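A.B. asks: Here the protein sequences line up with chains A and B, keeping their order. Here the first sequence stands for residues 17 to 128, where the numbers follow the numbering used here. Here the second sequence stands for residues 417 to 532, where the numbers follow the numbering used here.
I should point out that these hints are in silico values taken from the structure, not numbers from a laboratory. Small disclaimer: the values here were computed from a predicted structure and weren't measured. Please note that the accuracy of each hint is not assured.
[Unchecked claim] Just a sample of chain A residues kept apart from chain B, beta carbon distances all over 12 angstroms, derived: (1) ILE34; (2) ALA40; (3) SER71; (4) GLY76; (5) ARG77; (6) SER81; (7) ASN83; (8) ASP100.
[To be verified] Okay, the calculated beta carbon distance ranges per label pair: (9) LYS84(A) x PRO516(B): 22 to 28 angstroms; (10) ASN43(A) x SER421(B): 27 to 33 angstroms; (11) GLU75(A) x GLU475(B): 27 to 33 angstroms.
[Stated by the list, open to error] A few chain A positions that, by computed beta-carbon distances, are all more than 10 angstroms from chain B: (12) LEU27; (13) ASN38; (14) VAL70; (15) PHE78; (16) ALA102.
Don't be surprised by glycine CBs; every beta carbon is placed ideally from N, CA and C.
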Amino acid sequence: QQQVKQSPQSLIVQKGGISIINCAYENTAFDYFPWYQQFPGKGPALLIAIRPDVSEKKEGRFTISFNKSAKQFSLHIMDSQPGDSATYFCAASIRGFQKLVFGTGTRLLVSP
Amino acid sequence: GAVVSQHPSWVICKSGTSVKIECRSLDFQATTMFWYRQFPKQSLMLMATSNEGSKATYEQGVEKDKFLINHASLTLSTLTVTSAHPEDSSFYICSASDRPNTGELFFGEGSRLTVL
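The following block holds chain A by itself, in its conformation from the complex (with noise of 0.2 angstroms):
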């Protein structure tokens, strides 16, 4: 009930196009679900995160989208760029607890 489930594994996208990741979860206890993004031999940073009250949250050219009925949320990137290769992982935690649970991560590569 802790595992958040990512798809796909990885993902080649042109330049330009539109990259989508998607996430589930089955704990109806998560409460905050971030989007990470890793660059390799780095640590990951914080991308955008969205609470369950708001269906949607963009910042720039990355959207979350978020349905609590189906459990699922998914990232959009739009306009890829190349300097958008890198390595995402989606999470959830209970905010009170801050711990994250993290999906298995997709790997990104955008074409030029």
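Could you slot chain B onto chain A? The hints should help.
C.D. replies: Just chain B, lined up with the frame of chain A:
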């Protein structure tokens, strides 16, 4: 966001020796810090929760005698890998938050440990 710093960025040691990794919150105080471990091309796994002034809380399956955690101040937590073996080689990453009630966690740059 809040800045979390780790040192060293990478370390190579001989089997049987101990290695200490530091995690600092640079511009905020953190009563709680988290230590994660990441194997190549895998996700992050929580090892333990570091609590300032008290004992760390370890996740199931993590040997507390092998991975010693000390959180002696509000800006510093240390992870010591004792009697390291090649299977302990991994990427160790700490995290903390300047606003714990929001759920936001910021990660350090990570420390790559290689045990020969």
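A.B. asks: If a hint holds in the structure, say so; if it doesn't, say that too.
C.D. replies: Each hint tested on the structure:
no.	hint	result
1	ILE34	24 angstroms, holds
2	ALA40	15 angstroms, holds
3	SER71	18 angstroms, holds
4	GLY76	15 angstroms, holds
5	ARG77	18 angstroms, holds
6	SER81	19 angstroms, holds
7	ASN83	19 angstroms, holds
8	ASP100	19 angstroms, holds
9	LYS84(A) x PRO516(B): 22 to 28 angstroms	24 angstroms, holds
10	ASN43(A) x SER421(B): 27 to 33 angstroms	32 angstroms, holds
11	GLU75(A) x GLU475(B): 27 to 33 angstroms	31 angstroms, holds
12	LEU27	15 angstroms, holds
13	ASN38	15 angstroms, holds
14	VAL70	14 angstroms, holds
15	PHE78	15 angstroms, holds
16	ALA102	13 angstroms, holds
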